[in-house]
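Can you join these two chains into the complex? Each is in its own frame, and there are hints to help.
Chain order of the listed sequences is A and B. If you read the first sequence in this note's numbering, its first letter stands for residue 10, the second for the next number, and so on. If you read the second sequence in this note's numbering, its first letter stands for residue 136, the second for the next number, and so on.
Hint data in this document are derived by calculation from the structure and do not stem from the laboratory. Glycine included, each C-beta is placed from N, C-alpha and C at the ideal position. Among these hints, one or two may not hold up.
Derived contacts from chain B toward chain A, CB cut-off under 7 Å, selection only [what the hints assert, rightly or not]:
#, residue
1, Met136
2, Ile137
3, Pro138
4, Pro140
5, Ala141
6, Ile142
7, Leu145
8, Phe149
9, Glu160
10, Arg177
Pairs of lysine to any residue residues, derived as SDA-like cross-links and limited to a Cα-Cα distance of at most 25 Å, are as follows [claimed, not checked]:
#, chain 1, residue 1, chain 2, residue 2
11, A, Lys163, B, Met148
12, A, Lys163, B, Glu160
13, B, Lys230, A, Ala194
14, A, Lys163, B, Asp143
15, B, Lys230, A, Ile205
16, B, Lys230, B, Glu207
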Amino acid sequence: MSEFPATRHSIVAAIRSPQPDVRRTAFDALATAYWKPVFKYVRLKWHASPDDAADLTQGFFLRAFEKDFFAGFDPARARFRTYLRTCLDGYVSNTRKADARLKRGGGVTLVPIDVDEAERELQLQAGNAIDDFDAYFHREWLRGLFAAAAARLKDACAARGRLERFTAFEQYDLAGDDAGRPTYAELARRLGLSTIDVTNELAAARREFRRFVLEALREQCATDEEFEAESRALTG
Amino acid sequence: MIPEPAIDRLSAMFRSPDVTGTRYELVSILGRGGMGVVYLARDTALDREVALKIFDRAPGDANEARLIARLEHPGIVPVHDFGELPDGRQFYAMKLVRGDRLDRWMGAGRDISERLGVFLRVCDAVAFAHAHGVVHRDLKPANVMVGEFGEVLVLDWGIAAELTNADSGLRPSTSSGRPEALEGRTSDSGSRGRDSIVGTPEYMAPEQARGDAGVDHRADVFALGAMLAGIAAGSAPVVAIARKAQSPDPASRYQSVAALAADVNRYLAGRAVEAHREPLVDRLVRIGRRHRLPILLVLTYMAARVLLLYFFRV
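Pulled out of the complex, with its shape left as it was, chain B reads as follows (with noise of 0.2 Å):
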């Protein structure tokens, strides 16, 4: 007979998608990301898994595959090739990164150096991609993959857009003529629908959410300023810097990714950071650890001359 796992497994393959006629065939489902789906896929012409990214609705995605073809950066997950289903669906190959996304690699014991080391690394590559005049919109632990070498490769560049200059709102990486802000999914797995808006709440700044028309690289400041607060672990000066990066006004955030991640590493060189007015103790604290070795010399130096000064009288 066969059994209840195999009859859900042989279905689950009935509704994969057909993908004769290409070098690929679909081993397994890797995840659902903005606009598609992604499977963990063999190249049978280089005899290589690689992660296939798969448009839900055709035709009119090329230009995702197209913008991070453009982004050669180590942190951007590089594209290998693109092209059309039997059925009209779009889709693109890209490098399969093994490893942890960030959400499940920072529930493994690890300290907020380590931790603000890999988004430092986020940081960028986003950075390197709004150069580029590109926004992702969609910045998340979740789209941020820490490889098996510690590579760090921020993904699902789904609901990216063009910023149509460094200043002035967004185009939107789709050929629909519309910004894909007001057309496109409300999560990363939830339901589509033309009048909903993109992104995952949590991590979406306000004029993102509103569907506003000025959206520009703030909306990802915001993001990372969210994806700050869940690194901070009580740290008080971090904390203060992921919610200067969440402020509502986009002019009162970090006007750039590099001016966050400039304060982050201040604070991982001991230095006082740009968003956190702190307390004269902390202060004192910070400066002596800081510079213990010099402290300890001169109190060494001075604890010195007073027992001297003390023998000498006696």
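This is chain A alone, in the form it adopts within the complex (with noise of 0.2 Å):
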């Protein structure tokens, strides 16, 4: 598949090394693409609060660290995040059971967590019935990469002094509802182009977006296989 970022190197992989400190800038960047999906999820599916839910998001990525969570899982069995999901769900039950709190790293900051910002987007998604909650879990995975993709677009396009493109992208491609979002005319006044300038902006900026979202993803699977399966699974 000729869109594989082969450049970049799998987080999940890299914190399998032995190198301590290859292994932590591994780990920091796994925490940083599923802490806001963790906080999410322990806050909804285990009914914790705010609170709770900040500590035992940070002591499961202490835990995790310290005992090398990741390092066990086996990309033939699994999908990586199925496994994190999973160990998250033993690590809350156990916690919760054993009612520790300096356990669930109470006090210990690992991950930068911004509860602010997760209790506001939660407040946002307050309608939203959840009937499964792997499939919940996924979404959040899903908006996080979306998200982490974007972020390198904007980035990509201002080092390029090309920020009208991420703009325009960000204005149709990441508007709420359909009824809201500005047609290409509109768009084309808002930032003095022309209506084909638009269309042709909005091209490059999907395209450079799907090559991000495809590059995140290779980060966060361990094996090439993995990878071909979970892209196969996006693109459907």
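And the structure:
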């Protein structure tokens, strides 16, 4: 598949590195990608308060780092995020049984969790009924993947002095309801471009966004096989 | 936070076919047609929008594009280009027609003569295809587009077939080597299976539904009859024309689209139609409407004569 980004390393694979600094960097990247889905999942599935969910999230990543949870992942048996969620369920269940607050990581900050931001997002999602927490976790992971790719797109556009490309993408493709989306002509007026330019900028932005999503996905997969399976699932 | 509709939109974008290496960029889905999906696309070379049909499976669907390209008629959407995607699936680009599908267009309070005018233009296009040995096999209002400037185009020739000769059966437009009538989809949006029948049930002639070997252009006459039934708006002669076109036995239908169109034209001209034996009163009313002026003149003349006779006698 020509779109496979070959140059980026898998952070899931790097987490098994014998070199502590490589492991730590990979772990941080993984925690950055997953902390929000983990936090929201714990809040909703385990009915945790915001403070409790923040403690459990920190504790989970701390425990995972100390005990090398993720090194035990076997890509032949499951997707990484399924493995992570299973580990998380086990951790929360055991921790609640033990009810040992300090063991949850209380007082220790391994992952920079922005509780306010996550709570704001949960407020926005409050009307959505959840009947399948596996699907919910997947959806939150996908939201994080798209958000990471959008951030990379923004940086890339800014670095090339083409921020209007990202703005067009943000206002058109990242918009909420279709009813609130601008037309190409409205977007052209806002950005001081022609309608044809908007079409071209959007097409280019989508191409780059696609590449960044696959790149971020590649980093989160342990093997080429897992990546191919994940990208097939994503691309239908 | 990326909102829910954007996640759906971006996920859909990922599920769209990869058109890298072609001159097209996909914009949105216009609809699902026979054997593939039709996208609104931008032709970056000519900087214009086109309709791009991408087939569901590869290879062997090239004949559809070639078949339509052969049918140069104002009522048949023209093909601009044909090619292959990186995943091996084939596509063709055609003119983008802006307007309404016939089923939606008819819902906008059109009177029967306006509807029949559009129907006759569909008949023109289909008769042209028949004259070139092509049977559409999936005629229905959703496959007819009424453009912004009044143009009428028959779309979606995805399951069309070529007549091997004027009277004896069809050759499929695909290169699969067996009649496509036995291997395609069951409806325009339904599932596909090699043993199902192509077409749309409400518009499908019985012989086509059975997968008979001898299906010919009269299957399209049946579908046009089904379309006409939706246009009839309670008019007895039009209902009769539609019923005749939909006779279960092909031999009892109009034997050509031209014959069907001729009967509709007779109705529009206020003349008796072949398919309808009208009651005497209806016939007199129809004749009265058709010859309103001469009848009025004769009646006026006769009334004047009566009055003159009356006054002279008094």
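A quick look at each hint next to the structure:
1. Met136: Since the shortest Cβ distance to chain A is 5 Å, the answer is holds.
2. Ile137: Because about 5 Å separates isoleucine 137 of chain B from the closest Cβ in chain A, which is inside the 7 Å limit, the hint holds.
3. Pro138: holds (4 Å)
4. Pro140: holds (6 Å)
5. Ala141: Hint on alanine 141 of chain B: holds, closest Cβ of chain A at ~5 Å, below 7 Å.
6. Ile142: Interface hint status for isoleucine 142 of chain B: holds (6 Å vs cutoff 7 Å).
7. Leu145: At about 5 Å, which falls below the 7 Å cut-off, the nearest Cβ of chain A leaves the hint on leucine 145 of chain B intact, so it holds.
8. Phe149: Hint holds; phenylalanine 149 of chain B Cβ to chain A Cβ min 5 Å, cut 7 Å.
9. Glu160: holds (4 Å)
10. Arg177: Arginine 177 of chain B check passes; min Cβ-Cβ to chain A is 6 Å, inside 7 Å.
11. A:Lys163 - B:Met148: holds (19 Å)
12. A:Lys163 - B:Glu160: Holds, at roughly 22 Å.
13. B:Lys230 - A:Ala194: The given pair, whose Cα atoms are some 22 Å apart, holds under the 25 Å limit.
14. A:Lys163 - B:Asp143: Given that 25 Å is the threshold and the Cα spacing comes to 20 Å, the pair holds.
15. B:Lys230 - A:Ile205: Distance of about 19 Å is within 25 Å: holds.
16. B:Lys230 - B:Glu207: holds (13 Å)
Against the hints set out earlier in the document, no violation occurs for any number.
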